[in-house]
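2 protein chains.
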Amino acid sequence: MQNFTFHNPTEIIFGKHTIREIGAKASYFGDRVLLVYGQGSIKTNGVYSQVIESLEKAGLYVTEFGGVKPNPILSHLEEGVLLAKRKKIGLIVAVGGGSVLDEAKAIAAGTRTDGEVWDFFVNKATIQDAMPLLAVLTLSATGSEMNPTAVVTNEVHQKKFEISSPLLFPKTSILDPTTLYSVPNNYTAYSAVDTISHVIEGYFTGDDPSTPIQDRLVEGIVKSTMESTEICLRDPENYQGRATMMWAATLALNGLPVAGIGEFNFPNHMIEHSLSAIYDIPHGAGLSIVIPGWMKFSVGDSPEKFAQFAHRIFGMATNSTEKDAEAGIDALKAWFEKIGSPVSLSDVNIPESDIEKIAENATMLANKWEMNDYTKDVIIQVLRLCC
Amino acid sequence: MQNFTFHNPTEIIFGKHTIREIGAKASYFGDRVLLVYGQGSIKTNGVYSQVIESLEKAGLYVTEFGGVKPNPILSHLEEGVLLAKRKKIGLIVAVGGGSVLDEAKAIAAGTRTDGEVWDFFVNKATIQDAMPLLAVLTLSATGSEMNPTAVVTNEVHQKKFEISSPLLFPKTSILDPTTLYSVPNNYTAYSAVDTISHVIEGYFTGDDPSTPIQDRLVEGIVKSTMESTEICLRDPENYQGRATMMWAATLALNGLPVAGIGEFNFPNHMIEHSLSAIYDIPHGAGLSIVIPGWMKFSVGDSPEKFAQFAHRIFGMATNSTEKDAEAGIDALKAWFEKIGSPVSLSDVNIPESDIEKIAENATMLANKWEMNDYTKDVIIQVLRLCC
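Protein sequences appear in the order of chains A and B. Per the working numbering, the very first residue in the first sequence carries number 1; after that it's consecutive. Per the working numbering, the very first residue in the second sequence carries number 1; after that it's consecutive.
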């Protein structure tokens with residue numbers, strides 16, 4: 001295990017009928033709320049009215065800011081910053097999935113600078129202050145509800161970049177699994193892929209192999225996500241299935257699975273960000289395309305770890321490390337297919353001839369994340385394995 | 001999964017050479033420090049000088065308060081409260097194991113009341129305020145470094161009771177696994193037992209079976225603790241072994257394994273507290289005596305869960321739930337013996353004729369914890385299985 005600091009101050013309120021607590025929690029931090037949400041699904045599933053009722057009961061003044069896109073874009077973010085400044089907002093309540101939370105985090109930082117909010121994303125400026133943010137989660141996948149990170153796309157330059165600062169941890173996140181009942185099966189599957197992707201990036205790329213607890217936490221999250229996803233696809237209103245998927249997604253990216261694993265990186269996310277930036281496909285769908293290809297590309301670097309994954313997740317137990325490792329990759333890919341998530345570029349109608357362009361785009365992020373091994377040529381090799 | 005709130009604001013700084021950070025962290029909270037420690041082992045293992053150097057470098061005024069006993073006692077705690085009040089202390093730095101941290105937490109609460117500190121333990125008063133507390137952990141087991149609980153013994157009345165308040169979370173806990181190199185093998189074993197006990201109480205008594213992630217986290221902590229304990233007993237200065245044991249102990253009682261499991265209780269701790277209160281044996285040693293007996297007494301209540309434990313921890317996989325469940329209990333008991341922790345009352349020279357007296361004492365805690373099923377007769381039955 002390597003040295004680490006773990007500090008996650010977000011309060012999680014989890015369970016049925018918990019949305020009604022948002023008003024009381026929010027009122028600790030001010031009385032002028034910016035209510036950030038997405039494309040309006042919260043108005044049809046009853047969440048919006050529960051949130052408004054709770055905020056008003058707590059005596060808060062609400063300014064609404066809807067319309068966040070599934071991959072949030074800079075122009076809308078900037079609009080939110082201007083609105084929050086003009087209305088002298090004191091805190092943000094984000095109601096939605098990871099995209100809504102991410103844009104809300106960026107607004108929280110953007111309102112406390114006189115400069116351009118995009119400067120934070122390109123490391124031209126450092127976040128020094130941020131408005132308090134609370135969240136009601138209605139689509140589970142990104143882990144944004146319990147971490148200090150936000151991803152936004154600059155749609156003009158097709159750059160999907162992220163910010164991270166301890167100031168961006170939500171103060172409180174409310175997770176009511178019943179809000180997931182209306183999530184359609186394809187998005188349930190993408191959520192599962194996203195959760196799994198978040199834990200396996202560190203699991204396979206971390207540079208310290210002496211992390212038995214972290215490994216088992218990751219394997220537990222993967223197994224539990226797989227089991228509960230299958231339950232939810234058969235029975236979308238299964239409370240325990242939704243609850244397990246939701247809590248798994250939160251734990252997957254709250255810092256705990258990677259505490260002590262040393263240096264690690266996000267190669268699958270690096271490549272996928274280009275897919276969703278260029279083609280506007282769901283992040284989880286892009287990940288299930290990239291992951292099996294990346295795993296095949298990388299298995300030779302740590303066959304024992306891939307074999308451990310195959311053994312503990314899928315029960316592979318031949319006497320051959322290499323065979324088990326390969327079989328585990330195939331089994332994960334087959335599972336992605338089984339739940340209806342795409343597993344090749346052609347599944348989402350991206351022609352092989354676009355690989356050059358995608359790789360070109362991905363190198364920008366590889367450079368930003370200082371992943372020097374991922375030259376354009378290497379990224380092309382990975383993408384060829386995703387066909 | 002049941003509704004829950006999870007909020008653990010303690011910052012963990014984990015790894016080699018991290019003790020030097022205590023001064024800078026402490027200086028956020030004031031400049032007059034009460035340095036609480038135990039029987040002086042920190043003066044021989046080099047920890048004391050590192051802490052003092054760091055505190056002085058940060059410009060802090062240090063008042064020392066040593067002499068905390070392995071099962072901290074009320075009279076010493078009251079002495080600490082008086083000293084802290086007299087010296088107008090602003091914050092506490094606790095350096096030691098769980099006992100030192102627990103007494104320090106009670107001092108932190110005791111200095112902010114005009115009443116008796118014991119009133120908090122017997123629910124006559126509620127903690128409304130507490131001094132900031134930071135910790136440097138030198139003996140890993142109780143999880144006190146990342147939770148809001150403290151256990152103290154009223155030596156006059158032979159009552160080992162606890163307090164818990166969100167105000168008692170340490171602000172920062174520093175965990176340097178190298179401080180454990182000098183822990184003798186018997187205490188290494190007791191630490192392992194304590195860690196395992198903390199996770200299995202909720203695992204076996206939680207009232208919601210729909211908690212696959214929590215189950216796997218618990219199982220991962222148990223497996224990792226067992227593996228790393230064996231490494232440390234063979235090789236006390238094995239860094240990775242000590243690091244895994246240390247991190248496992250912290251995670252075991254930081255609230256995460258029990259988030260969502262619903263109502264649960266601590267029957268093994270309830271009974272063990274009487275053993276260590278009356279006979280002053282180490283807490284871990286008492287637990288390895290109580291646990292196998294309690295498991296045998298309770299296996300009929302949830303044989304599937306005991307069989308799952310046997311299967312996932314020890315690989316038991318016959319076709320009989322009952323046989324696997326029993327075999328898992330025997331395997332855990334055998335493992336306690338293997339690492340040199342006592343597994344029966346006679347191992348620590350407690351005569352069977354004392355069972356009545358022990359049960360009498362334990363019922364006080366059973367009442368306090370509202371464990372109505374645990375009448376004196378029931379506790380006697382459990383203790384008979386511990387002979």
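It is possible that some hints are incorrect.
All copies of an identical chain are treated as equivalent in the list; a pair is satisfied when it fits inside any one copy or across any two copies.
To be verified - For lysine-lysine, the following DSS-like pairs were computed, each having C-alpha atoms within a straight-line distance of at most 27 Å:
1) K223 <-> K368
2) K171 <-> K333
3) K323 <-> K43
4) K305 <-> K25
5) K305 <-> K159
6) K25 <-> K333
7) K376 <-> K85
8) K333 <-> K87
9) K305 <-> K124
10) K171 <-> K305
11) K305 <-> K223
12) K357 <-> K223
13) K25 <-> K57
14) K25 <-> K368
Everything labelled a hint here was simulated from the structure, so no lab data went into it. All of these numbers come straight from a predicted model, not from anything done at the bench.
Each hint tested on the structure:
1. K223 <-> K368: Result: close neither inside a copy nor across copies, 32 Å intra and 39 Å inter.
2. K171 <-> K333: neither (37 Å within a copy, 44 Å between copies)
3. K323 <-> K43: Intra 50 Å, inter 54 Å, cutoff 27 Å: neither.
4. K305 <-> K25: Result: close neither inside a copy nor across copies, 43 Å intra and 37 Å inter.
5. K305 <-> K159: neither (32 Å within a copy, 49 Å between copies)
6. K25 <-> K333: Neither. Shortest intra-copy (42 Å) and inter-copy (46 Å) distances fail the 27 Å Cα cut-off.
7. K376 <-> K85: neither (41 Å within a copy, 65 Å between copies)
8. K333 <-> K87: Neither: 49 Å inside a copy, 65 Å across copies.
9. K305 <-> K124: The answer is neither: 38 Å in one copy and 54 Å across copies each exceed 27 Å.
10. K171 <-> K305: neither (36 Å within a copy, 36 Å between copies)
11. K305 <-> K223: For K305 and K223, both the intra-copy (16 Å) and inter-copy (18 Å) Cα distances are at most 27 Å.
12. K357 <-> K223: The answer is neither: 35 Å in one copy and 47 Å across copies each exceed 27 Å.
13. K25 <-> K57: within (12 Å within a copy, 39 Å between copies)
14. K25 <-> K368: neither (37 Å within a copy, 31 Å between copies)
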